[in-house]
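S.K.: Guided by the hints, dock chain B onto chain A, whose structure is given.
Protein chains: 2
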Amino acid sequence: MMNAEVWKDLIIKNNSKIVFVIMDGLGGLPMPGGDKTELETARTPNLDRYAKEGIGGLLDPIYPGFTPGSGPAHLALFGYEPVEFNIGRGVLSALGVDFELTGRDVAARLNFCTIDKEGKVTDRRAGRIPTEKNEQLCEKIRREVKLSAGVEYFLQTESEHRAVLVLRGDGLGGDINDTDPQETGKKPFDPKGEDDTSQKTARYVSEFLTQVKEVLKKDHPANFILARGFAKHEEFPSMEQRYGLRSVAIAQYPMYRGLARLVGMTVLPVPKDFEEMWKQLKDNFDQYDFFFIHFKKTDSYGEDGNFENKVKVIESVDEWSARLRELNPEVLVVTGDHSTPALLKSHSWHPVPALLWSSRGYARRDAVSKFGESECLRGNLGRMPMKNILLIAMANAERFKKFGA
Amino acid sequence: MMNAEVWKDLIIKNNSKIVFVIMDGLGGLPMPGGDKTELETARTPNLDRYAKEGIGGLLDPIYPGFTPGSGPAHLALFGYEPVEFNIGRGVLSALGVDFELTGRDVAARLNFCTIDKEGKVTDRRAGRIPTEKNEQLCEKIRREVKLSAGVEYFLQTESEHRAVLVLRGDGLGGDINDTDPQETGKKPFDPKGEDDTSQKTARYVSEFLTQVKEVLKKDHPANFILARGFAKHEEFPSMEQRYGLRSVAIAQYPMYRGLARLVGMTVLPVPKDFEEMWKQLKDNFDQYDFFFIHFKKTDSYGEDGNFENKVKVIESVDEWSARLRELNPEVLVVTGDHSTPALLKSHSWHPVPALLWSSRGYARRDAVSKFGESECLRGNLGRMPMKNILLIAMANAERFKKFGA
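First to last, the protein sequences are chains A and B.
Sequence positions in the first sequence follow the working numbering and run 103 to 507.
Sequence positions in the second sequence follow the working numbering and run 103 to 507.
With the rest of the complex left out, here is chain A:
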């Protein structure tokens, strides 16, 4: 295994630009009776041209056969070994509501739930209350629940019955069991910490839960909360520390903005549309080295099982990407974070098609002439772990000295 210490000594800083265009859940499958994936069905003259001039390949986000969540898949894109740099569920949820975590924070996912008179859970999702109701209840809790000295808490609505809790203080551990019993007819578990610092956190959580139970007692069906996925926010080494890359993210959705922030990227204001994403890229092109540009809808339509709309989004991104030639980055990578075939209506384990284009002509060309899963199989990038793609992009941008003499 190659670890960060090995390449740290090899880094060269120069003025080259590396652009990553990420279509979330890009990889796909043909629908029954068909023989082309979403990407192969889409008309993508611009991406095809980049693929023809550059090289193709297939990336395994985690490991062959593994279906990744968005968190680890993006870490792999950013060159972080996704199993080693594990992100706790609570932390991911906090990133997903655009919460700015600090190194003193422990985060957990909350569900509003229904309990009966004996305190047993009768509905783990409180009848899926509407998001507005969730917001009102969070507001009420924030107003009435006061924790004892030494800790601050933040409570934020996610959607429907889901919310995020963050505890902030010194010496708080995150190794705490879920209070969610995972089935109805049981009482929620008490929070317990596995070690001293986590026991400290658990005491604050107990205090929080006791008060919440009192505050919500008349708010049936949302008369209590369940917590799970407690996780301490570990600060990751930044892209700049690891690679010497001043990095910036252009992304519309909170989760991906949060993931970029997690690795120390500057995150530009939420762009309202593709046009504004282009403007942000152009206007910031001189100030950064690495550009993470995230397009979400390919994944959303994949999750919906909507093959045709996923195709259309790919075609829009294709059109968008034509203009990248104006900026002439040293290296352009176009890929996804994982596959989300409309056939499966979910993330999947299939490797993700990728293209790498070098304006300097340093990518050793292959026979790939169209950007698609089958063609990429014959590409010069080969099939490799996703975490390698950033290193190869840096090599093509001449950002590494040689290893040994």
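Don't take each hint at face value.
Taking lysine to any residue and the SDA-like style, the derived pairs with C-alpha atoms no more than 20 Å apart in a straight line are [to be verified]:
#, chain 1, residue 1, chain 2, residue 2
1, A, Lys222, A, Glu309
2, A, Lys315, A, Gln238
3, A, Lys110, B, Tyr165
4, A, Lys222, A, Glu285
5, A, Lys110, B, Glu183
6, A, Lys154, A, Asn430
7, B, Lys154, B, Thr143
8, A, Lys504, B, Glu183
9, A, Lys110, B, Gly331
10, B, Lys235, B, Pro323
11, A, Lys503, B, Arg330
12, A, Lys414, A, Trp380
13, A, Lys504, B, Gln284
14, A, Lys110, B, Val185
15, A, Lys115, A, Ser461
16, A, Lys110, B, Phe187
17, A, Lys503, B, Lys447
18, A, Lys110, B, Arg191
19, B, Lys399, A, Ala507
20, A, Lys504, B, Val185
21, B, Lys289, B, Arg330
22, A, Lys319, A, Asp225
Read the hints as simulated data drawn from the structure, not as lab findings.
M.R.: The following block gives chain B in isolation, referenced to the frame of chain A:
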């Protein structure tokens, strides 16, 4: 990760012969406007026939995206994990002047430099003195500098302002800082050891430097020396210990002869031309199991940016390799240690084309019918770490038992 202990129990010794023909820096890129690499441009009927009868592939010397130096790249060819078996700079330089290191040696690279009256460096390369001057000064130092008991030193000219220092003694550590301040206007640093054994070495180095300053004081511009890359020579387990292969090297250039010696190969006398390389191979074919045959000029012309001459050298090696059929080795591997595209005028990160031919017909044939980067992409060897190729060669020579029952 596969380590030596796993295969050690599986080794079979037999009379099979494994020949590695290594063209240094073989991998390439097309020049602007072209679409063929150096190897693809070369007329190579003999290598093409081996490729057609055997299998092709692409090898990553260190890791995708990493540009290797000659040292780690050759270790990978010899099956050693190149990051784990790290060779210090000083040791590599000593190998490069054909110095025979022992396990009691610490080596460093020296530069003759210019210092002013205050002892500050004014030219880190002493005006790049000619090699003859360097030799005279080394001779003078050897004559006049005498170290105290417990250590021997060896001083050898490399070229221009560069030389190599080796200290030999018991219990000498190699963890010593560079004395080279890396910029002019500063005094050289004093050598300091990081641990007890290195402190011992550092004291001898100080003694050496003090005397050298006195000896060279009238030799402006080369009136002092700077040292860097101190490294203890760690003796590596030999090819025979690791693989049960009696191994021999046929190579013209000192660095590669040194690298072969580092892994315990017998190194035959410097052959004056291709014809003598052939004779050495033929005459020694019965006495050894593994043959490392190194051709240097592919790399040299790559470094010069001379595409045409690199093509010509490949064509000469192709012609040379036709005769290998007379010897009928069980396994022939033809590849490089890394890529040196004339386009880049330097080593590069691109994977290296490789062919493996088995006279027994045990390589599972593929569609590769010409030896070149694009064809090798479709080969049965796939794309893999370079350190695997020796194991696969041994397998084809039936030198491994099965693993498990």
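S.K.: Run the distance test for Lys110/A versus Gly331/B: straight-line Cα separation, threshold 20 Å.
M.R.: Holds: Lys110/A and Gly331/B sit about 18 Å apart, inside 20 Å.
S.K.: Are the Cα atoms of Lys399/B and Ala507/A separated by 20 Å or less?
M.R.: holds (17 Å)
S.K.: Would you check the hint for Lys315/A and Gln238/A, treating anything up to 20 Å between C-alpha atoms as holding?
M.R.: holds (16 Å)
S.K.: Sort out whether Glu183/B lies within 20 Å of Lys110/A, counting only the CA atoms.
M.R.: Holds: Lys110/A and Glu183/B sit about 19 Å apart, inside 20 Å.
S.K.: Holds or violated: are the alpha carbons of Lys110/A and Arg191/B at most 20 Å from each other?
M.R.: holds (17 Å)
S.K.: Starting from Lys504/A, check that the Cα of Gln284/B is at most 20 Å away, please.
M.R.: Between Lys504/A and Gln284/B the Cα gap is close to 19 Å, so the pair holds against 20 Å.
S.K.: Given the proposed pairing of Lys504/A with Val185/B, does the C-alpha separation stay at or below 20 Å?
M.R.: holds (13 Å)
S.K.: Can the restraint linking Lys154/B and Thr143/B be considered satisfied, given a maximum Cα separation of 20 Å?
M.R.: The hint holds at about 17 Å.
S.K.: Need the status of pair Lys110/A, Val185/B: alpha-carbon distance at most 20 Å?
M.R.: Between Lys110/A and Val185/B the Cα gap is close to 13 Å, so the pair holds against 20 Å.
S.K.: Hinted pair, alpha-carbon criterion (20 Å max): Lys115/A, Ser461/A. Please report holds or violated.
M.R.: With a Cα-Cα distance of about 18 Å, the restraint between Lys115/A and Ser461/A holds, given a limit of 20 Å.
S.K.: Next pair to validate is Lys289/B with Arg330/B; report whether the Cα-Cα distance is within 20 Å.
M.R.: holds (14 Å)
S.K.: Lys414/A and Trp380/A were given as a pair; does the straight-line alpha-carbon distance stay at or below 20 Å?
M.R.: holds (19 Å)
When held up to the earlier numbered hints, the structure conflicts with none and fits them all.
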